[in-house]
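Work out the full structure: start from the sequences and follow the hints.
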Amino acid sequence: MQSVKILSFPRYTFDRLLIVCGSCPDQNSDILIDFVEEAMAGLTAPQLHVVAYDCQSPAVNAMLAGLAGITEDSIYHCYTADSVAGIYTSDEIVRLLAELNRCQVS
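Take the sequence shown: its position 31, counted from the start at 1, is 31 in my numbering, and no numbers get skipped.
By construction, these hints were calculated from the structure, which means they are not laboratory data. One or more of the hints may lead you astray.
[As the list claims (entries may be wrong)] Computed Cβ-Cβ distance ranges for the label pairs, DEER-style: (1) E99 to L18: 33 to 41 Å; (2) Q27 to C103: 20 to 28 Å; (3) N101 to Y53: 23 to 31 Å; (4) V105 to I31: 37 to 45 Å.
Keep in mind that this is a model prediction, so the values were computed, not measured. Every residue, glycine too, gets a C-beta built ideally from N, C-alpha and C.
Next comes the structure, spelled out in structure tokens:
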């Protein structure tokens, strides 16, 4: 929660905020998502980059993807050392696969 509280300080101007999480956060996911939604309401910046780093909890990964879904230009990254399946949930990979599928159909 401490890392996202910087959003409530208007004196800081930055264009990106990187959130990296490898385990369950210290707050309930609904509280985190609500806080970030309220803090980002009406803002065009910062762009959120949310990273699930070697996190084995599907609930945490879903929460992080939800955080990235708050704004249109935010990005969800997923890395796991145990399996390559997790990276296929990353926004860039999803977009790349969609582009490849469109090209193959055309």
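Do the hints match the structure? See the list:
no. : hint                    : in the structure
1   : E99 to L18: 33 to 41 Å  : violated (25 Å)
2   : Q27 to C103: 20 to 28 Å : violated (42 Å)
3   : N101 to Y53: 23 to 31 Å : holds (28 Å)
4   : V105 to I31: 37 to 45 Å : holds (42 Å)
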